[in-house]
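Chains as they are written, first to last, in this note's numbering: chain L, 16 to 127; chain B, 824 to 936.
Keep in mind the hints are simulated off the structure, nothing from the lab. Model, not experiment: these values are computed from the prediction. Where a beta carbon is used, it is the ideal one built from N, C-alpha and C, also for glycine. Just to be clear, a hint being listed does not mean it is correct.
Over 10 angstroms on every C-beta distance to chain B, these chain L residues come out as not near it, computed from the model [what the hints assert, rightly or not]:
#1 V19
#2 P23
#3 T30
#4 L58
#5 L60
#6 L84
#7 T101
#8 T115
#9 Q116
Derived DEER-like restraints, expressed as beta-carbon distance ranges [to be verified]:
#10 T30/L with Y853/B: 22 to 32 angstroms
#11 G31/L with S881/B: 41 to 51 angstroms
#12 T35/L with L869/B: 40 to 50 angstroms
#13 L869/B with N80/L: 24 to 34 angstroms
Pulled a few chain B residues facing chain L out of the computed Cβ check, cut under 7 angstroms [said to hold, decoys possible]:
#14 V834
#15 E865
#16 G929
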Amino acid sequence: NAGVTQTPKFQVLKTGQSMTLQCAQDMNHNSMYWYRQDPGMGLRLIYYSASEGTTDKGEVPNGYNVSRLNKREFSLRLESAAPSQTSVYFCASSELAGETQYFGPGTRLLVL
Amino acid sequence: GNSVTQMEGPVTLSEEAFLTINCTYTATGYPSLFWYVQYPGEGLQLLLKATKADDKGSNKGFEATYRKETTSFHLEKGSVQVSDSAVYFCALRGGSTLGRLYFGRGTQLTVWP
């Protein structure tokens, strides 16, 4: 079982470029989440999807969009990257909203 | 609102020392409480959890007790090992939100042989 996988592992962007972070889970979970982790801060929720076909904003959604492509996949898009979006991004999933969340290994993003 | 305050790090200990990492919380409703661990270069893993007052979560020698009267969920281990070196995050899940986790800032633990 791969669990939660994320691609890419590491990415460097220039200001204004766009990119999509991919996340997939093979646990047949209904709920998926995107967090960012910044130095000295805990993880902060960007967006979540309680079930296939639904998405909702979290604590820090500005500058991001998401797509719940199907039950397995939940992507995060940066339309015009900014240096403030330099961070480590984690995807997580849970069987149902409110259940234990399982995290992927993270994507380290550097925006110059 | 919901928030978690966690002991500032880093924490450096010798092998076999006793570990305490303090965590206090503010929450509406009846939250569930969690400790997650992040080993170098990896994602977060659930270490233990407690879902109601006076519950004790335990795993791999780590323990934490959900104390409603002091709004605390301190992590303890009687004898740490070098392999316990990691970042530890306290988190809560509010009773009224759709599974959203609120994290503390994390505490870096380094254990020396």
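Structure-based check of all given hints:
For V19/L, the requirement that its beta carbon stay farther than 10 angstroms from each beta carbon of chain B is not met, with the minimum near 7 angstroms. Every beta carbon of chain B lies more than 10 angstroms from that of P23/L, the smallest distance being close to 15 angstroms; the non-interface claim holds. No Cβ of chain B comes within 10 angstroms of the Cβ of T30/L; the nearest lies about 27 angstroms off, and the non-interface call holds. Consistency note on L58/L: stated as away from chain B, yet its beta-carbon is not over 10 angstroms from all of that chain's, at 5 angstroms minimum.
For L60/L, the non-interface assignment is contradicted: its Cβ lies about 6 angstroms from the closest Cβ of chain B, within the 10 angstroms cut-off. Even its closest Cβ contact with chain B, about 20 angstroms, leaves L84/L beyond 10 angstroms, as expected for a residue assigned away from the interface. Against the 10 angstroms criterion, T101/L stays outside the reach of chain B, whose nearest CB is about 18 angstroms from its own CB. Here T115/L does not stay apart from chain B, with its beta-carbon only about 6 angstroms from theirs, under the 10 angstroms limit.
Not every Cβ of chain B is farther than 10 angstroms from the Cβ of Q116/L; the closest lies at roughly 6 angstroms, contradicting the non-interface assignment. The beta-carbon spacing between T30/L and Y853/B, approximately 44 angstroms, falls outside the hinted interval of 22 to 32 angstroms. For G31/L and S881/B, the Cβ-Cβ distance of about 49 angstroms falls inside the hinted range of 41 to 51 angstroms, so the restraint holds. Taking the beta carbon of each, T35/L and L869/B are about 27 angstroms apart, not inside 40 to 50 angstroms as hinted.
Hint check: L869/B to N80/L, Cβ distance near 28 angstroms, so the stated range 24 to 34 angstroms holds. A hinted interface residue such as V834/B counts as satisfied when its beta carbon comes closer than 7 angstroms to some beta carbon of chain L; here the least separation is about 15 angstroms, so the hint is violated. About 6 angstroms separates the beta-carbon of E865/B from the nearest beta-carbon of chain L, less than 7 angstroms, and the hint is met. Below 7 angstroms, beta-carbon pairs count as interface contacts, and G929/B has one with chain L at about 6 angstroms; its hint therefore holds.
Hint violations for this structure: numbers 1, 4, 5, 8, 9, 10, 12 and 14, all remaining hints satisfied.
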